[in-house]
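*Asks:* Take a look at the letters that make up each chain.
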Amino acid sequence: MTDRSDTGPAPVLALKGISKSFGAVRALRDVSLELFPGEVHALAGENGAGKSTLIKTLAGVHRPDSGEVLLDGVPTVFHGPADARDAGIAVIYQEPTLFPDLSIAENIFMGRRPRRALGRIDHKATHTATLALMRRLGVELDPDRPARGLSIADQQIVEIAKALSFDARVLIMDEPTAALTGSEVARLFGVVRALREQGSAVLFISHRLEEIFQICRRVTTLRDGARISSEPVDGMTEDDLVRRMVGRDLEELYPKQEVEPGEVALSVRRLTREGVFTDVSFDVRRGEIVGLAGLVGAGRTEVARAVFGVDRWDAGEVAVDGRPLTNGAPSTAMSAGLALVPEDRRAQGLVMDMSIERNIGLTGLRTTVKGGLVDRGAERSRSLDWAVKLQVKYARLADTVNTLSGGNQQKVVLAKWLATGPKVLIVDEPTRGIDVCTKAEVHRLLSRLAADGVAVLMISSDLPEILGMADRVLVMHEGRLTAEIPRSEATEETVMAAATGRAAA
Amino acid sequence: MTVTAPENTPVAEVPRSSGTRLVDRVFKMRELAILVVFLAMIVVTRLGNSEFLTEQGIKDLLLNATILVLVAVGQSMVVITRNVDLSVGSTLGISAFAAGSHLQGGGNAVVAVLLAVLTGIGFGLLNGLLVSLGQVPALVVTLGTLYIIRGIDSIWVGSRQIVASGLPDGFIDFGSGGILAVPYLALIALVVLVATAYYLKHFGSGRELYALGSNPEAARLAGIPVRKRILVAYTFCGALAGLAGALYLARFGNVDSGTGTGYELTVVSAVVVGGVVFTGGSGSVYGAALGALLLTSINSVLPALGVSSVWVLAINGVLLILAIAVDRVVALRVATALKKRNARHG
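Protein chains in written order, with the numbering used here: chain E, 152 to 656; chain Y, 262 to 607.
There may be inaccurate statements among the hints.
[Stated by the list, open to error] Sample of chain E residues with no beta-carbon within 10 Å of chain Y, all distances over it, derived:
# : residue
1 : GLU219
2 : GLU257
3 : GLY270
4 : GLU389
[As the list claims (entries may be wrong)] Where chain Y lies over chain E, by a calculated footprint (3+ residues, C-beta under 8 Å):
# : region
5 : 165-171
6 : 470-483
7 : 542-550
[As the list claims (entries may be wrong)] Pairwise CB distance ranges (calculated):
#  : chain 1 : residue 1 : chain 2 : residue 2 : range
8  : E       : GLU389    : Y       : GLU478    : 45 to 51 Å
9  : E       : ASP472    : Y       : VAL571    : 55 to 61 Å
10 : Y       : ASN310    : E       : ASP495    : 29 to 35 Å
11 : E       : ALA498    : Y       : SER466    : 38 to 44 Å
12 : E       : ALA498    : Y       : LEU451    : 57 to 63 Å
13 : Y       : LEU293    : E       : ASP472    : 49 to 55 Å
14 : E       : ARG527    : Y       : LEU375    : 45 to 51 Å
15 : E       : ARG638    : Y       : LEU293    : 21 to 27 Å
Think of the hints as simulated: they come from the structure by calculation, not from any bench.
Glycine included, C-beta positions come from ideal geometry on N, C-alpha and C.
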C-alpha cells in the first residue's frame, strides 16, 4: 500500500478497517480505502471479491460489522441510502435501478425534486433541469417519456444524470461502461474528467482493465474480501493488475481453437421485423463461432430473439439443419436444437429466487419429468454435472441464484442451456460484467463447444472479444447487416466502420 | 453544480417525438375510455327508458357511487404501492356501527363522523404496520385482518341493529339531501378525490408511492422511506373506509354486523376497471373513481332496461376481464412504440 507522497487534500471519504459478514460468508475483511477529491480511484477484483459489498457500505445500504466510515475525516454512520446521498455520495449501480412507470425526469429527481410553495413539486423546473442534464451528457432523451423500454445504455445514462443532478462530491460507478459502446464510453469519460477537474472524488469499477489505466490515478485491488493493494496506476501493467486480482498468472483470455467449419447449422434468410431490423441473412456452420457486432440498439439482440422465436418476425425464414422453424415458437426452436443465452441474465436468463439446481433443471424438464412429476434426483445429478463442468462457485446447489456473484450467475445460465445439448448456441453479451478470470473460462467453454461441433452465434459489444473469438464477424447498423468480415480481415477499424455505417457493405 | 460540458456535446433541442405523444395519448385514453363507456351506457339507457334520468334518478346514481368512490380512492393509494387492502369492507362496517351507536346515544354528528374516521385510521395503521414490518404479502395479511375486524364487529354488535329512526333527523336529511341533483355526500367524495389526485401528482411523497410500486428495490436505494410510505397509504385507505362507513350510515340509516361484507371485492374491481395496475406504479385515482361510477351505474341501468338484476355480477366480471385485457394490449402497444424509438436513436 502506498500513501500519497504529496501533501494533497485530506480524503473526502474513507473506510477504515471495515468488516462485513452475511451469515457465514465474510464479504469484507478489514478493508480500508481512501478517496481523495479530484482523483479517480479504481476498485479492481474478481466477481465475489467484495466490491459490491464495499460499494453498498459506502452507499449506506449495508452497515459494517466493524470499522468506520470517515466523511471529511469525521466518523459517520449512514443509516440508509438517503444519508449517504445527503452527504454528497452518488452511486451508479451495475444493474440500473430505475422506476419503469415514472418519467425520466422523475427518475432523476426522485426524492429531491425542485419544489414550489407548500412543498409541491415544480414539474416545469424538473423538466428543464432534466433537459439541461441530457444536453450536458450529449444525449437526446425526452424527459417526459417513461423509463420503461429504455435500452440498458440509455438506462445507464439516466443513472449518470441522476448522479450529476446533485452536487456529488463522491461518485461511485459500478461497471458503468459494461453496456456502453465505444463512443458512449468516451462521452462518459468526458463527464468523469469534468467531475474530477471540479474536485469530485470518483470510485470507478470496471472489468475492462484498459479503462482503469485510461482514467484512474490509483487502484485498490480486493481478493476474497480483503484488500491486496492500493497503489498508483502509473508504472503498472495489465498483467500486474490481473496478478493482484486473481493471485496468479492468467491463462490466455481468448483461447480460440482453430476448427474446420462443417455444414450449415443455422440459416437465416431475409429476416425482417418491421421497424426493428430488415432483410437480415446469414449462416452459421457447425464448429464456427460467428460474432455479431454493432452498436447498442443496432438490432442484434432483436434478431437473436426473433430467430429463437421469442419475438415474431414479419418476413423471411429461419432454418436449423435445413428444417424451417415456426415463427414465434421458442419451444420448436428448442426442440430443433437452438439455445439462447439472453443479454439480461437477471431478468431473462434466471429465476433469481429459485435454487441453482432448479434453474439449471428448468430447460431439462422435458427429460427429467416422469409421469408428470419432476424426477428430483435426475434434475439434481444433471445440475451437479453442469455446475461442476462450468466450475460454478457455490455453497450448496439448493442455494438461490441471487446469492451468487455475477460471473457465477452467468455460468448458471450457460449451464441451463448447455444442458439441453444444443446444436446452435446463441449467446448475447456472454461476458458483460464478468471478471477477467471467468471471462477466460467462458471463452474457453465457447471455443470447446465449437470444437465439439456446436454452431455458436455470439453477440458482443466487447470488440476485443469479437476479434479474439469469432471466425467470422457480422456487423449490424441500424437494423441492417452491413458487413461480413472474415477473421483474417477483422480489425477494430473495419468492424467499427461497418458498425457506424461508414463503410459500404 | 457547475461542471462544464464535455467537449463535443451536440446541443439539440429534444423534440417531443411522435412516440412520446402516442404514449401520452394512450395513458390519457385509459380514463377517457371508461368515461366513454359510461356515457354511452347512460345514453342508451335514457333512450330505452325516458324515466331513467330524472333528478331523483341522477341523485340515486350519484349517492350509490359516492361510497364506492371513496373506498376506491383509498384502495388506489394502496394498490399503487404494489399492495392491496382486503379489509376495507370490514372496516367500513365497524366504522359505520361506531358512528351509529354514538348517534343513537344522543351524540353529536360531527363527533360520530370523526369516530368513524378514527376507527378506520386505527385499522389502517394496523394493516400498514403488519404489511410494512412483517414483509408478508399484503393479500394474505389483509385477508387476515378482514376476518379479524369482522370478528370484532360481530362480537361487539351481536344481533343489535341501528335503524334510521334511532338517528337524528338532521343526519339522515344530510345523507339524502343535496344541491339540486348533486347530493352532499357526492360533494364530499369529490373533494376527497380531487385533493388525493392533487397530492399524488404534485407532492414528492405522492410520487414516491408510484416509485415504490414501480420498483421497490430501486425505491429503497433511492432513499425513499418505504415502510413509512406504505404505512401512510394504508392509514389513508383505512381513514377513507371509515369515512365511507359514516356516509353509509347517513345514506342508508341501517347498519348491522354484516354491513360491508364482500365490499372489498367490488372496490378492487372498481380500481382495476379504472386502470390502476394491480402490480403497482401506474394508474390514477380519477380512473378508479370512474371505475366505481361505472360499476355502480350498471346496477341502476339494468333494471331501467328491464334486464333482471341477476345479470349484474356476471357483467361486472366481464367488465373486469375486459379492462385487464385492454390494459394488456395497450401496454404491449406502448412497449413496441418505445422500443422502436430506441432502435431509431440507436
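*Asks:* Determine for every hint whether it applies to the structure shown.
*Replies:* Hint by hint, here is what the structure shows:
no., hint, result
1, GLU219, "holds, 21 Å"
2, GLU257, "violated, 6 Å"
3, GLY270, "violated, 6 Å"
4, GLU389, "holds, 26 Å"
5, 165-171, "violated (count 0)"
6, 470-483, "violated (count 0)"
7, 542-550, "violated (count 0)"
8, GLU389(E) to GLU478(Y): 45 to 51 Å, "violated, 35 Å"
9, ASP472(E) to VAL571(Y): 55 to 61 Å, "holds, 59 Å"
10, ASN310(Y) to ASP495(E): 29 to 35 Å, "violated, 56 Å"
11, ALA498(E) to SER466(Y): 38 to 44 Å, "violated, 29 Å"
12, ALA498(E) to LEU451(Y): 57 to 63 Å, "violated, 42 Å"
13, LEU293(Y) to ASP472(E): 49 to 55 Å, "holds, 52 Å"
14, ARG527(E) to LEU375(Y): 45 to 51 Å, "violated, 59 Å"
15, ARG638(E) to LEU293(Y): 21 to 27 Å, "violated, 57 Å"
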